[in-house]
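Q: Given chain A, work out where chain B should sit, using these hints.
For the protein sequence lines, the chains are A and B, in the order given.
In terms of this note's numbering, the first sequence has 68 at position 68, counting the first letter as 1, and numbering is strictly consecutive.
In terms of this note's numbering, the second sequence has 31 at position 31, counting the first letter as 1, and numbering is strictly consecutive.
Derived by calculation from the structure, the hints in this document are not laboratory data.
Accuracy of the hints is not assured; some may be wrong.
[Claimed, not checked] Ranges between beta-carbon positions, derived for each pair:
1) A:K58 with B:A56: 32 to 40 Å
2) B:T15 with A:T97: 35 to 43 Å
3) A:E15 with B:A82: 37 to 45 Å
4) B:A2 with A:K58: 40 to 48 Å
All C-beta atoms, glycine included, are put in the ideal place defined by N, C-alpha and C.
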Amino acid sequence: AQSVSQHNHHVILSEAASLELGCNYSYGGTVNLFWYVQYPGQHLQLLLKYFSGDPLVKGIKGFEAEFIKSKFSFNLRKPSVQWSDTAEYFCAVNEKTGRRALTFGSGTRLQVQP
Amino acid sequence: NAGVTQTPKFRVLKTGQSMTLLCAQDMNHEYMYWYRQDPGMGLRLIHYSVGEGTTAKGEVPDGYNVSRLKKQNFLLGLESAAPSQTSVYFCASSPLRTGENTEAFFGQGTRLTVV
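The following block holds chain A by itself, in its conformation from the complex (with noise of 0.2 Å):
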């Protein structure tokens, strides 16, 4: 069964401070990755996206993720955090074939303090 992990539970950061939230997860065989953000009352938005190729993905709102194969994690990364940043950030995971359904991380809070 596929599992993922994410370390950092609840980051606080200031204003113009550069960002990584560590993911790693367990599976077998080929997957797509996923960064979800959840600002805060609000349904889920797709922040960045790993397919195949590249394995430096970029995102909306200047995130970007690398895959890393060989250590099993999707790290999401972001230069400079704007106050605006502030919101629940969770990894996920689906197989490439066979069941369609995310796999979930547990969430990062993140709270960027002006």
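A: The following block gives chain B in isolation, referenced to the frame of chain A:
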């Protein structure tokens, strides 16, 4: 373009009451899912469907039933609500095709409180 629409958005139930949550998608997606979101636990899959007339259990199916009578609708039922089912419920859908652009689209969520 509505995407994925959930009804209702908020609900308070008494223990033992029943209710049905409706999810509707207008993207002609084959796959539909119900998740629950609890603090510190991310989203967990309750049930899912790979097409009209089919359903399957996810990781946390106990206490819930689902039906997919029409391709665009996926209903989640609670026959006898319990306080442990207090949660935020999200519906999602995704297309059948493989490869690129198979991401899931989420509804706005239903906040359910069981007292």
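Q: Hint by hint, say whether it matches the structure.
A: Structure-based check of all given hints:
Between K58 of chain A and A56 of chain B the beta carbon distance is about 34 Å. The supplied range of 32 to 40 Å therefore holds. A hinted range of 35 to 43 Å holds for the C-beta pair T15 of chain B and T97 of chain A, which are about 42 Å apart. At roughly 43 Å, the beta-carbon separation of E15 of chain A and A82 of chain B lies within the given 37 to 45 Å, and the hint holds. At about 28 Å, the CB distance of A2 of chain B to K58 of chain A disagrees with the hint of 40 to 48 Å.
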